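Those protein sequence lines, which keep their order, are chains A and B. Per the numbering used here, the first sequence starts with residue 1, numbered consecutively. Per the numbering used here, the second sequence starts with residue 213, numbered consecutively.
Calculated directly from the structure, the hints in this document are not laboratory data. If you're wondering where the values come from, they're calculated on a predicted model, not measured in any experiment. No residue lacks a Cβ here, since even glycine has one placed at the ideal position from N, Cα and C. Where hints are given, some of them may not hold.
[What the hints assert, rightly or not] Straight-line Cα separation of at most 27 Å, BS3-like style, residue types lysine-lysine; simulated pairs:
{"no.": "1", "chain 1": "A", "residue 1": "LYS88", "chain 2": "A", "residue 2": "LYS25"}
{"no.": "2", "chain 1": "A", "residue 1": "LYS77", "chain 2": "A", "residue 2": "LYS39"}
{"no.": "3", "chain 1": "A", "residue 1": "LYS184", "chain 2": "A", "residue 2": "LYS173"}
{"no.": "4", "chain 1": "B", "residue 1": "LYS413", "chain 2": "B", "residue 2": "LYS686"}
{"no.": "5", "chain 1": "B", "residue 1": "LYS300", "chain 2": "B", "residue 2": "LYS285"}
{"no.": "6", "chain 1": "A", "residue 1": "LYS88", "chain 2": "B", "residue 2": "LYS501"}
{"no.": "7", "chain 1": "B", "residue 1": "LYS501", "chain 2": "A", "residue 2": "LYS184"}
{"no.": "8", "chain 1": "A", "residue 1": "LYS171", "chain 2": "A", "residue 2": "LYS207"}
{"no.": "9", "chain 1": "B", "residue 1": "LYS501", "chain 2": "A", "residue 2": "LYS206"}
{"no.": "10", "chain 1": "B", "residue 1": "LYS501", "chain 2": "A", "residue 2": "LYS67"}
{"no.": "11", "chain 1": "A", "residue 1": "LYS13", "chain 2": "B", "residue 2": "LYS501"}
{"no.": "12", "chain 1": "A", "residue 1": "LYS77", "chain 2": "A", "residue 2": "LYS67"}
{"no.": "13", "chain 1": "B", "residue 1": "LYS541", "chain 2": "A", "residue 2": "LYS184"}
{"no.": "14", "chain 1": "B", "residue 1": "LYS250", "chain 2": "B", "residue 2": "LYS442"}
{"no.": "15", "chain 1": "B", "residue 1": "LYS250", "chain 2": "A", "residue 2": "LYS130"}
{"no.": "16", "chain 1": "A", "residue 1": "LYS77", "chain 2": "A", "residue 2": "LYS25"}
{"no.": "17", "chain 1": "B", "residue 1": "LYS501", "chain 2": "A", "residue 2": "LYS207"}
[As the list claims (entries may be wrong)] Which residues of chain A face chain B? A partial, calculated answer using Cβ under 7 Å:
{"no.": "18", "residue": "VAL59"}
{"no.": "19", "residue": "ILE103"}
{"no.": "20", "residue": "ILE151"}
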Amino acid sequence: MNEYESLTQAVIKGDIQLAVSETRKYVDAGADVQSILDKGLIAAMDTVGENFSTGRIFVPQMLRSAKTMQECMNIIKPLFQEGDVTTKGTVVIGTVKGDLHDIGKNLVSMMLEGAGFAITDLGVDVPPDKFVQKAQEVGADVVGMSALLSITMPGMPATIEALTASGLKEKVKVIVGGAPVTEKYANEIDADGYAPDAATAVVEVKKLLGIS
Amino acid sequence: MAFSDILTFQPRLKVLSSDQAWAIHNAALEILDRIGFKMEHGYAHRMLLDAGCRSAGDYWLKMPSYLVEDALKSAPRQIILYDQLGRKAMSLTNGNSFYGTGSDTTFTLDLETGERRRCVLQDTANFARLVDGLDNLSFVMSMGNPEDVPVTEDIYVYAFAEMIRNANKPIVFIADSGRDIVKIHRIASAVAGGEAALAEKPFLLNYSEAISPLRFPDYVVEKLIFCARKKIPICLPSGSNCGGGAPVTLAGAMAMGIAENLVGLVVHQLSGRGSPFLFGPNVSTLDMKSTVVSYGCPEWSLTQAALADMRDEIYGLPIWSFAGASDSKVMDAQAGAEAMFSIVTSMLCRANLIHDVGYLEYGSTSSLEMVTMANELVAMSRFFVNGIPVNEETLALDAIERVAKGEAGSMFLMDDHTFEHFMQAQFLPVLLDRTRYDAWLSSGARDLYKRCNAEAKRILAEHHVEPKPDDVLKEVAAVLG
Numbered sequence: 001m002n003e004y005e006s007l008t009q010a011v012i013k014g015d016i017q018l019a020v021s022e023t024r025k026y027v028d029a030g031a032d033v034q035s036i037l038d039k040g041l042i043a044a045m046d047t048v049g050e051n052f053s054t055g056r057i058f059v060p061q062m063l064r065s066a067k068t069m070q071e072c073m074n075i076i077k078p079l080f081q082e083g084d085v086t087t088k089g090t091v092v093i094g095t096v097k098g099d100l101h102d103i104g105k106n107l108v109s110m111m112l113e114g115a116g117f118a119i120t121d122l123g124v125d126v127p128p129d130k131f132v133q134k135a136q137e138v139g140a141d142v143v144g145m146s147a148l149l150s151i152t153m154p155g156m157p158a159t160i161e162a163l164t165a166s167g168l169k170e171k172v173k174v175i176v177g178g179a180p181v182t183e184k185y186a187n188e189i190d191a192d193g194y195a196p197d198a199a200t201a202v203v204e205v206k207k208l209l210g211i212s
Numbered sequence: 213m214a215f216s217d218i219l220t221f222q223p224r225l226k227v228l229s230s231d232q233a234w235a236i237h238n239a240a241l242e243i244l245d246r247i248g249f250k251m252e253h254g255y256a257h258r259m260l261l262d263a264g265c266r267s268a269g270d271y272w273l274k275m276p277s278y279l280v281e282d283a284l285k286s287a288p289r290q291i292i293l294y295d296q297l298g299r300k301a302m303s304l305t306n307g308n309s310f311y312g313t314g315s316d317t318t319f320t321l322d323l324e325t326g327e328r329r330r331c332v333l334q335d336t337a338n339f340a341r342l343v344d345g346l347d348n349l350s351f352v353m354s355m356g357n358p359e360d361v362p363v364t365e366d367i368y369v370y371a372f373a374e375m376i377r378n379a380n381k382p383i384v385f386i387a388d389s390g391r392d393i394v395k396i397h398r399i400a401s402a403v404a405g406g407e408a409a410l411a412e413k414p415f416l417l418n419y420s421e422a423i424s425p426l427r428f429p430d431y432v433v434e435k436l437i438f439c440a441r442k443k444i445p446i447c448l449p450s451g452s453n454c455g456g457g458a459p460v461t462l463a464g465a466m467a468m469g470i471a472e473n474l475v476g477l478v479v480h481q482l483s484g485r486g487s488p489f490l491f492g493p494n495v496s497t498l499d500m501k502s503t504v505v506s507y508g509c510p511e512w513s514l515t516q517a518a519l520a521d522m523r524d525e526i527y528g529l530p531i532w533s534f535a536g537a538s539d540s541k542v543m544d545a546q547a548g549a550e551a552m553f554s555i556v557t558s559m560l561c562r563a564n565l566i567h568d569v570g571y572l573e574y575g576s577t578s579s580l581e582m583v584t585m586a587n588e589l590v591a592m593s594r595f596f597v598n599g600i601p602v603n604e605e606t607l608a609l610d611a612i613e614r615v616a617k618g619e620a621g622s623m624f625l626m627d628d629h630t631f632e633h634f635m636q637a638q639f640l641p642v643l644l645d646r647t648r649y650d651a652w653l654s655s656g657a658r659d660l661y662k663r664c665n666a667e668a669k670r671i672l673a674e675h676h677v678e679p680k681p682d683d684v685l686k687e688v689a690a691v692l693g
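Same shape as in the complex, but just chain B:
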């Protein structure tokens, strides 16, 4: 066998056996068939009854497992997101991992003062522009819950408009209900060049949440049906966190969260057969002292790795997950440790669309510095996951011979092989500091937070985002009114 024929093994994390995966899946089906779920949306309720669900009174329905099987068959196994210029950007399918920010933080760390303050629209603009300029982040979310929107009920439309103006990468967006999602869809259609063009090359994905346990309110299902009909990709994770929205044990919380997701999938596929649905619940933990939902806990990383195993074993659909976030209030060692833990494990398990990068304070505070740091941690993880190519070039026996048996003073550092390969062979950090002590000291003895601050400022000042055409910007203004 020639060396070039050796495939590179890429390390992959597996946390469930096949038996475990099927047992959780079967428990989810049993939840739907025996306990049921509360569907408060009238149209969806009737549609589910017509499809074969059984009424259990007071909006409650019970679902036979064949409806789930049908929906799993018709949902596409790959979701392709385009950027806002119509170029293929993210193939959400087995093996591909894409990272991006999150939404709805109440506070942000001010880039100038470091102060934790309420988010404003300009923050959403800054996060969008920063992500647009970072190589290892693939999609934009609003990050903040701006307090300065002129019309509170249109908060998500304003946030969406800021992302349109400040980035060209794909957008994962939030909407409140069927009311504002229509406005967002109008803006997105203008960007894509019409509704049909948007459906064909979607650059956006909606994030909506059912309410755990097992509750599907009107305003959530409105968005689900809207996206199914318009072929806008959507995910519908619920807050099935351990001990809060769901049982405290990971298996039960996963089963319930998956059951909730399956209800969403069935409604979605009945409303728009073959429309794209990104699978996966949010199974974090409720902290038993503070009652916050943790963003730095190992449990969430474990449950999403388990979900990735279930995807491989059962569902075949691309999955939604989180990484690069922390419960720490500042970007300190805890933030770095927690961010890296979730980033590397989410990549090792091949989670597909990975959001919440840059969260601090269990998702209540966002930080441009944290996003900037996470960008480098994603690169570091990607290097690791890419594995070790083994072939004639990388085994480098010729180089070894040249240096070992060469003239006095021969060294690898001088060898052509090093010059030709070092950029691929090594991970070359930008922000993680390896300078010698004196150099570090004389350049200001800055810690990672300060270096990320400077880098975020640099990108915000220098990164050019191709502006949208005037007619698109006019439509944005018209929708905002």
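Just chain A, same shape as in the assembly:
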């Protein structure tokens, strides 16, 4: 039995109030914050992800769990020493230049965050150099790009070229997605990964980074 079982269950249920009070309880009792994060929160989100993938819960339930986790993170984050918190990886994500659609991209962000990744969300209409600059700045492991319109898809290869030109392409994994994007297209533009939906995006990012 997980020592943080009550917290884990509260996150799985999406009970923000209970999860926050449980987190405070463990913190006040002097529990190690990294272990609250790993064994309490991320463990919960692993279950949530599993429940979602197998169709036992719906998107709003999954997102409520992610939100619950974020509220708990707000409590324990200040307790980590600077640079001390370990994440599964750093992801820079955005909708490519010319495209203003963000629902899909936001879903991917939330799910990756829930899975324990540090996310830098650049928003929409993101030009290639902004992806490059931010990826450099935060030391990104993954750059994620989204496009809803076929006419804005060329923003993806343009960004990949910019990453190559700056020497970053070899250091980061590029993942793409969005309604008109296909696996074939991802291969053609030399992206490292492709995901047709948010849940698969998490699986794909983990795969790209060699995380089980």
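Got chain A; can you put chain B on it based on the hints?
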């Protein structure tokens, strides 16, 4: 009363009470007046401020309801679309329903192999030609998002050119922005015999989308103003789907989608008073497991029936809607069920311009077979909606007397009344199979998908589309460069 005086009741679906309709409308007005909207187009922003909107900072504006009332008064209540030969084709007004295809699918089901593959320009040509040859479909859309266009930024111009070359029915077209719509307008003007002739007898309608919630980017408003000024009919639905672009509850999603449409209408009427504007948002649902926007859900059919009620109660403008589509990946029983559900309900509620016929996979895949099947489902629905004519001829008491009291062997099947009336009295299916089992078996035991495949191939091979004059084709080539 003579029998011939009895009007035929035509079944009509109503899903909202007057109170419900006004409450949704008032909520839309409240959204605009209290929450506002983000107008990123500089010229439109200034125009709206001059007209009486209030600035709410960072491109946001709030709109008083009198601007909406003014725009509703000046927009025409009927939009007439002509075909490409200048003949009246679609009177978009209360009571009339017209069906056509959709746009922008990424994939299509290959007619030869059945394989799901990326769309190419030839697919747009095929869909245009097929629709041109199908009796119950009235307008053409690009259907595909072709991957083989020479210049990606002109993808919609190339698709438009294919439709010009392969159909003469009206076209509902997509453009990216104010840049490519000028090129499309140039081609269309050549087809119609000049810009003035095109404005007088438009054969095309633009489909553009605002971004939910309540956002009006530059490139969208450019098209809106262009169409208003050139008197090209346009619709501006947003993706106000339940739970994605809009609140998850149908009433709230409708209110927001309508609010977005009203902003479009106001900008449009301020830019070209009296120019034609087709009303209506796309209020589908975001599937809560897959996060796709559903094309087979009952919600979208319900919200567009509700919109039709609001049209009748409040707006008076013709409306935009969808039907004949499915979330299924193949043309199976699910596809048939979902397609029929939306086709018959959209007709029962008298939606006016009904697109997306032939979509599979929540709008990601198109299918010529699906379009062919939907053509027959539209005919089936039309038969139903036409109702039961009741008069001396149809009550047929004479025929009853002749057969019942006639010589031995008298039967209705032999009676002149049957011979004279059966073609109108009955729905005569072409593709929906009613053959006896043995006949079905010996003719190859083909299911509906296979029969639609054969029919689509036949039409593509046999249907003649009157080609455009050489000077028009030259202009098309010149615009494509």
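Agreement of A:LYS171 and A:LYS207 with the hint, judged by alpha carbon distance not exceeding 27 Å: Answer holds: A:LYS171 to A:LYS207 is near 16 Å, not above 27 Å.
Against the 27 Å threshold, does the CA-CA distance of B:LYS501 and A:LYS207 hold or violate the hint? holds (22 Å)
Just to be careful, I want the Cα atoms of B:LYS501 and A:LYS184 compared with a cutoff of 27 Å; is the pair within it? The given pair, whose Cα atoms are some 25 Å apart, holds under the 27 Å limit.
Given the hinted pair B:LYS541 and A:LYS184, is their Cα-Cα distance within 27 Å? Holds: B:LYS541 and A:LYS184 sit about 19 Å apart, inside 27 Å.
Decide if the proposed pair is consistent with the structure: B:LYS501 and A:LYS206, CA atoms, cutoff 27 Å inclusive. holds (21 Å)
Check whether the Cα positions of A:LYS88 and B:LYS501 lie no farther apart than 27 Å. holds (25 Å)
Is the hint on A:ILE151 kept, meaning its closest Cβ partner in chain B is under 7 Å away? holds (5 Å)
When you check the alpha-carbon spacing of B:LYS250 and A:LYS130, does it fall within 27 Å? holds (24 Å)
Between A:LYS88 and A:LYS25, is the straight-line Cα distance small enough, at 27 Å or below? holds (26 Å)
With a cut-off of 27 Å on the C-alpha distance, tell me whether B:LYS413 and B:LYS686 pass. Within the cut-off at roughly 22 Å; holds.
Does A:LYS25 lie within 27 Å of A:LYS77 when you go C-alpha to C-alpha? Given pair A:LYS77, A:LYS25 holds - Cα atoms ~15 Å apart, limit 27 Å.
Given the hint that B:LYS501 pairs with A:LYS67, test it: the Cα-Cα distance must not exceed 27 Å. holds (18 Å)
Checked against the numbered hints listed earlier, the structure breaks none of them; every hint is satisfied.
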